[in-house]
Amino acid sequence: MLEKRDVLEQQTPLRQKKLIVSHAPFFHSGRTVTERSYHTMLAALPALLLGFYYYGMPAFGVVCLSISTAILWELVVNLVTKRTITIGDGNAAWLGMLFGMLVPATMPWWAVITGTFIVIVIGKQIFGGIGSNAFHPVALALAMMMLSWRSLFDFDAALLNYDLEFATIYPLAAVKYFGAASLDAFSLLDLLMGKQLGGIGSAFGLGLLIGGIYLMLRGFIRWEISLTFLAGIFATAFVFNLFDPARFAPPAFHLLTGYTLIGAFFLATEDSSSPVNFVPMLIYGAAGGMMTVLIRNIGAWVDGVILAILVINLISPLLDKIRPQALGKVE
Amino acid sequence: MFSKKELKLAGALAVCLLVIGVISYAAFPLQAPPEPLRLMFNVAAGNVLFNHKIHAAVSGYGLSCGDCHHTLSEDEYADAQSCSECHELDEGDEEMPKRADAFHLQCINCHKDFEAGPIECTGCHAL
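Protein sequences, first through last, are from chains V and P.
Under the numbering used here, the first residue of the first sequence carries the number 158, and numbering increases by one thereafter.
Under the numbering used here, the first residue of the second sequence carries the number 6, and numbering increases by one thereafter.
Read the hints as simulated data drawn from the structure, not as lab findings.
Every residue, glycine too, gets a C-beta built ideally from N, C-alpha and C.
Don't take each hint at face value.
To be verified - Between beta-carbon pairs, the in silico distance windows are:
| hint | chain 1 | residue 1 | chain 2 | residue 2 | range |
| --- | --- | --- | --- | --- | --- |
| 1 | P | Ala17 | V | Lys486 | 52 to 58 Å |
| 2 | V | Ser289 | P | Asn47 | 37 to 43 Å |
| 3 | V | Ser308 | P | Asp84 | 25 to 31 Å |
| 4 | P | Ala17 | V | Val178 | 45 to 51 Å |
| 5 | V | Pro265 | P | Pro39 | 49 to 55 Å |
| 6 | V | Asn318 | P | Asp98 | 33 to 39 Å |
| 7 | V | Asp428 | P | Pro39 | 45 to 51 Å |
| 8 | V | Ser305 | P | Leu94 | 21 to 27 Å |
| 9 | V | Leu346 | P | Val48 | 33 to 39 Å |
| 10 | P | His75 | V | Asn318 | 22 to 28 Å |
| 11 | P | Leu94 | V | Leu471 | 40 to 46 Å |
| 12 | P | His60 | V | Leu346 | 23 to 29 Å |
To be verified - Here are the simulated DSSO-like pairs of lysine-lysine, each with C-alpha atoms no more than 27 Å apart in a straight line:
| hint | chain 1 | residue 1 | chain 2 | residue 2 |
| --- | --- | --- | --- | --- |
| 13 | P | Lys103 | P | Lys58 |
| 14 | P | Lys103 | P | Lys117 |
| 15 | V | Lys239 | P | Lys13 |
| 16 | V | Lys239 | P | Lys10 |
| 17 | P | Lys117 | P | Lys58 |
| 18 | P | Lys58 | V | Lys352 |
| 19 | V | Lys239 | P | Lys9 |
Take these sequences, add in the hints, and give me the full structure.
Below you can see the structure in the form of structure tokens.
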């Protein structure tokens with residue numbers, strides 16, 4: 158039984174023995190996860206629209222199926238695990254859309270459904286849902302799909318039946334297998350304007366740049382990660398190109414091809430799999446860019462963005478150990 | 006946790022896009038053009054991407070069908086078939102070279118004759 162004095166001390170903070178320091182009350186900014194998801198989808202839309210223009214209804218079908226099945230997979234997991242229905246936050250829709258943007262327009266329906274299953278169930282929900290995933294769910298799904306069905310991601314083979322107005326060879330494959338001499342077929346302006354083979358929504362450089370800048374200005378993604386990712390790619394590709402210009406493409410080419418821009422703005426910046434402190438963010442982004450070019454230039458894969466992002470996701474918790482020293486000291 | 010409006014929006018997206026997606030796959034499959042644009046030959050020595058259109062088009066190299074599909078007369082060009090209909094992948098002899106030999110002879114000799122196009126392995130094979 159408590160003494161009268163103890164009860165008084167509990168009820169009246171002024172009589173506490175130690176002064177307790179706490180932060181000020183929280184203030185809600187009004188932003189919600191839902192708003193963030195749909196704004197991110199909006200930012201990605203310009204790049205996607207050009208994909209629909211070039212690849213037509215098959216591309217539209219892939220993205221529609223991808224978004225819808227991602228939402229449905231999330232609903233299924235919510236119902237099976239008897240947890241709160243979380244499809245309302247729009248995150249599943251966004252992840253489905255992102256998956257659809259990265260794959261070729263000829264992706265079979267069963268591969269889309271399998272892909273969104275990996276994205277939602279294995280990449281996100283198994284870890285505990287939004288905010289708990291160690292890896293970007295879409296990068297994880299794409300890596301698993303690429304390892305399982307490599308031919309589905311061979312853009313040259315997948316898009317054979319498209320008659321397009323530009324060089325119909327995947328730029329990264331051309332430079333990897335036929336050297337820098339094959340670069341004559343591509344102009345930087347064409348690459349920026351999306352005149353290149355690639356994923357449905359990952360080839361339109363200008364569209365992705367506009368979307369990325371919008372997200373950075375709105376504070377939905379961190380500029381530190383995106384910019385250092387691009388800087389890492391530029392610097393590493395520059396060194397390779399300096400070493401052997403006949404074999405390795407110049408840095409500007411690497412910036413505008415493959416998954417570079419969609420990786421920098423939409424993959425590397427995912428919250429739960431990226432660091433939160435300033436210096437770690439810089440290292441994280443730069444390491445991702447460096448890994449990307451290393452895989453592209455001397456690795457077995459044509460594009461290295463997906464695998465590089467998984468590697469930096471892996472080191473993200475370690476990087477966050479680098480943090481500002483706390484003020485004051487404990488006696 | 007989420008408002009009814011948010012849940013309705015997600016539900017509507019899932020249902021509508023599923024219907025559109027299924028219809029797109031079922032009703033608008035990508036049709037292969039009657040004359041191939043590009044061909045991908047999957048071979049152990051590295052895949053070869055062959056641009057059929059640029060070889061055949063007048064604005065490209067302007068080859069006649071019979072230049073490669075050598076058994077056909079002009080009135081049979083529309084019936085041109087895949088090379089592997091005759092040139093088998095594994096077996097061959099002097100009269101009917103296997104597919105790899107037929108391609109190497111055809112491509113490399115033509116490139117040499119016109120002094121254009123690759124004649125080395127790594128010029129065509131993605132190694």
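So, going through the hints one by one against the coordinates:
Distance hint check: the CB atoms of Ala17/P and Lys486/V are about 56 Å apart, consistent with the given range 52 to 58 Å. Distance hint for Ser289/V and Asn47/P: a CB-CB separation of about 41 Å, consistent with the stated range 37 to 43 Å. With their beta carbons about 30 Å apart, Ser308/V and Asp84/P fall inside the hinted range of 25 to 31 Å. Between Ala17/P and Val178/V the C-beta distance comes to about 48 Å, which sits within the given range of 45 to 51 Å.
Taking 49 to 55 Å as the suggested C-beta distance range, the pair Pro265/V and Pro39/P does not conform, at roughly 23 Å. The given range of 33 to 39 Å is respected by Asn318/V and Asp98/P, whose C-beta atoms sit roughly 34 Å from each other. A beta carbon spacing of about 50 Å between Asp428/V and Pro39/P agrees with the range 45 to 51 Å that was offered as a hint. For Ser305/V and Leu94/P, the Cβ-Cβ distance of about 26 Å falls inside the hinted range of 21 to 27 Å, so the restraint holds.
Taken as a hint, the range 33 to 39 Å holds for the pair Leu346/V and Val48/P, whose Cβ atoms sit roughly 35 Å apart. Distance hint for His75/P and Asn318/V: a CB-CB separation of about 26 Å, consistent with the stated range 22 to 28 Å. In this structure the supplied range 40 to 46 Å holds for Leu94/P paired with Leu471/V, their Cβ-Cβ distance being about 43 Å. In this structure the hint that His60/P and Leu346/V lie 23 to 29 Å apart at CB holds, the actual value being about 27 Å.
The suggested pairing of Lys103/P with Lys58/P holds, with an alpha-carbon distance near 24 Å, which does not exceed 27 Å. For the hint linking Lys103/P to Lys117/P, the alpha-carbon distance of about 21 Å falls within 27 Å, and the restraint holds. A C-alpha spacing of about 19 Å is found between Lys239/V and Lys13/P, which places the hinted pair at or below 27 Å, so the restraint holds. The hinted pair formed by Lys239/V and Lys10/P meets the criterion: a straight-line CA distance of about 21 Å does not exceed 27 Å.
Note on Lys117/P and Lys58/P: the hinted pairing holds, with a Cα-Cα distance of about 20 Å set against a maximum of 27 Å. Using a Cα cut-off of 27 Å, the hinted pair Lys58/P and Lys352/V holds, with the two alpha carbons roughly 18 Å apart. Between the alpha carbons of Lys239/V and Lys9/P the distance comes to roughly 19 Å, so the proposed pair stays at or under 27 Å and holds.
Of the hints listed earlier, the one the structure fails to meet is number 5.
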